Amino acid sequence: MLYREAGDFSTTYPEDSQTFPIRFDRYRYYVVLFIAVCVVPFMINDYWVNSIFMPFLIYSIAAIGLNILVGYCGQVSLGTGGFMAVGAYACYKLMTSFPEVSMFIHVILAGGITAMVGVLFGLPSLRIKGFYLAVATLAAQFFLVWMFNKVSWFYNYSASGQINAPERDTFGILITGPNTEAWATYLFCLFFTIASAVLARNLTRGAMGRQWMAIRDMDIAAEIIGVNPLKAKLTAFAVSSFFVGVSGALFFAVYLGAVEVGEVFGITKSFLVLFMIIIGGLGSIFGCFAGAAFLVLLPVVLKVVGADMLGWPTDIVAHLNLVIVGGLIVIFLIAEPHGLAQLWRVLKEKLRLWPFPH
Amino acid sequence: MKKQLLTWATAALMAASPAMADLVFPSLDYRTGPYAANGIPLADGYQDYFNMLNERDGGIGGVATRVLSCETGYNTEKGVECYESTKGEGALVYQPYSTGITYQLIPKATADDIPIHSMGYGRTSAKNGKVFSHVFNYPASYWDAASIAVKYLLDENGGSLDGKKIALVYHNSAYGKEPIRTLEGLSEKHGFELDLLAVDHPGQEQKSQWLSIRQQRPDYVLMWGWGVMNQVAIQEAANIRFPMENFIGVWWSGSENDVEPVGDKADGYKALAMSAPGMDYGVYQDLKTYVYDKGLAAGNGDQMGSVLYNRAIYAAMLAAEAARTAQEIHGVADITPGMMRDGMEALDMSDARMEELGFAGFAPAFKVTCENHGGDGFGAVQQWNASAGEWTLITDYIESDKSIIDPLIAEDSAAYAAENNIAERCN
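Line by line, the protein sequences give chains A and B.
Start counting the first sequence at 0; every next residue gets the next number (numbering that gives the first Met the number 0).
Start counting the second sequence at 0; every next residue gets the next number (numbering that gives the first Met the number 0).
Source of the hints: derived by calculation from the structure; they are not laboratory data.
Since the model is a prediction, treat every value here as computed from it, not as a measurement.
Be aware that a few hints might be false.
To be verified - Below, in silico cross-link-like pairs of lysine-lysine (DSSO-like), each with a Cα-Cα straight-line distance of 27 Å or less:
no., chain 1, residue 1, chain 2, residue 2
1, B, K401, B, K164
2, B, K164, B, K206
3, B, K86, B, K129
4, B, K366, B, K129
5, B, K188, B, K164
6, A, K149, B, K206
7, B, K188, A, K149
8, B, K164, B, K264
9, A, K149, B, K164
10, B, K401, B, K150
11, A, K149, B, K163
12, B, K264, B, K163
I would like the entire structure built from these sequences, with the hints used as guidance.
Dropping the structure here:
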């Protein structure tokens, strides 16, 4: 019934190869975009933006970045927090060195710098695989955090070692600092999220994505059919780090406003983003959004229901959150390794035939 | 379990029903995570004191108080979420007990016209009220603490630290890095050698730092630790047989929960104090009658009289006094956060007032002014007696060395003002 393909004919190649080939799916996508861009900004306040939408959008970008590396190219990385820190500190240095330049440019440049750092730390992936690569990226995580703590040039020699986002704008609208409007920061992050998703989706559908997936599925076979592993792995590291860097820059500049590298970009952040793509679904762009939404919303929902409505002690609720996330990861790894995205796919298949299955 | 759930649910319904005017004091507490050992007494004390005010006086100036707890886990992201979710309820003053969250909230709260009280933590240069209109860190700051510790050591050594070696073991975060500048200044002034040893969050791994202390053999070790880091450091010091009386923690590294796990070996450990330990104060009688005996104590009700519990009731008392001052200034009982700020700026904690409130001899008197949001910077040194299981003050309140601190505060706050285009107030 829903998701009907009957009568939905593609008469040209571009029509046949579009992102959402089923008409209903396409319209649903347009409706979601319309609501996100034209409805939500008029309805949100500081609380909704700072507690729900902004973390969701920014973590989605980070999850997209990590998913390209882990889900599409099969290179396990535990360095996400470190690469986010690179994005954040690059953005900070750019913001303070070139105050008159628009934030758009700073965020994109921060992503570019992170891409370069990512390639550097991706080099070992040419020789080592699997767990060993995970350990190498773990080293990147600890090294980067240590470096941002140790070298005071990165935090402009401030006494506390913290970086604080000064007020910066884009097209005359404040994007960072305490006096921003909720809709402005929301739309700024939304723009980057949509752009990242569209870009990532098309990259993974194209020649580059096919090379990544070939490397993921079997690297020797991929090499034999003519995939250059050097190019495929390093581009995966570069593209992945670019998105992670953008998310780190937004995380620092727009969302938090002040960052302490060890606490905000520590190893727990790497794991959080990894959990997002595991719960959301490895190798799926939709999964990045589903996983990010799930892990951002879960503590907030638990807090509102448990602590605010039912009046449970706050520590019980906080512990419950840990238990649920831990349990879900185990359940997903056993029962549905492809995560929420696979559940969504199965549901779509069912809806195609519903209500008249064979 | 089911019965417990039911009781919680009914308690919530009862708590949620009255929608009258109240004075909201948010408590960004942390009862979970690696800092919970220190977060629990702070959260309990804050809640108990306001409960006591409600039961005894019906609140402040006739308006009931309400403590809004929000669990942060000492995590800045959750701190932001807590701030956003509580500020809409008319939160009067934020006390995050986390330097990281304080840094986060300074610009936000200033823009929202809500005051922050970071009592002996946070950004030290917030003492300069000319720049930081909404941030208060009375009665003393980190830089005061560093200077008080050095002054105490000077006293111990007959006025000279020349050629001595002092190591600083610090939490590798904004919190732990704060005192470094002052200590560097002091080391130049007094001629001691300073050795910096960073411990990364959360601080369970300190073997290499203490190995280096064992090799370098500093004469004294200062510590800026928090949470589980404190216990581990004291344990490691005991393991390498570092003389405990030469080991001094800041006032955040000197609570019962930090020394008790180490047992007898922690005997003689010293820490700074901004108020006196123990339960011999009038306020405890009221707390007992109106809160503990009625079964209203927060948490497990087992933290009374501990150093951090005392600090929390001190913080709550200062907040309540500021609210009362604000009510007097503006002639309104149901004050707004903006009025609360005025009250904090006009706060005058005299010895007589402290005695009235049941805090006689609890802490030194101080007065807040428009220029000085940081109090006078007095602190004492306390020592742990493991066999008696109690802290005792071993010095009078020592005043910090303002000749080192004031220029640093002026410099740091000027940098902040320049970065954020803030014009000086109080002129």
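Status of the hints after comparison with the structure:
Proximity of B/K401 to B/K164 is assessed by CA-CA distance (about 23 Å); at most 27 Å being required, the pair is judged to hold. Under the criterion of a C-alpha separation no larger than 27 Å, the hint pairing B/K164 with B/K206 is consistent with the structure, at around 20 Å. Using a Cα cut-off of 27 Å, the hinted pair B/K86 and B/K129 holds, with the two alpha carbons roughly 25 Å apart. For the given pair, B/K366 sits about 16 Å from B/K129 by alpha-carbon distance, which is consistent with the 27 Å threshold.
Restraint check: the Cα-Cα separation between B/K188 and B/K164 comes to about 14 Å, which is no more than 27 Å; the hinted pair holds. Distance hint between A/K149 and B/K206 is fulfilled; the C-alpha atoms sit about 19 Å from each other, no more than 27 Å. For a cut-off of 27 Å, the pair hint linking B/K188 to A/K149 stands: about 25 Å separates their Cα positions. Under the criterion of a C-alpha separation no larger than 27 Å, the hint pairing B/K164 with B/K264 is consistent with the structure, at around 23 Å.
A threshold of 27 Å between alpha carbons decides the hint, and for A/K149 with B/K164 the separation of about 22 Å falls inside it, so the pair holds. About 12 Å separates the Cα atoms of B/K401 and B/K150, which keeps this hinted pair within 27 Å; it holds. Taken as a hint, the A/K149 and B/K163 pair is honoured in the structure, with Cα atoms around 26 Å apart against an allowance of 27 Å. Our distance criterion of 27 Å between C-alpha atoms is met by B/K264 and B/K163, whose separation comes to about 25 Å.
Every hint, counting from the list given before, is met by this structure.
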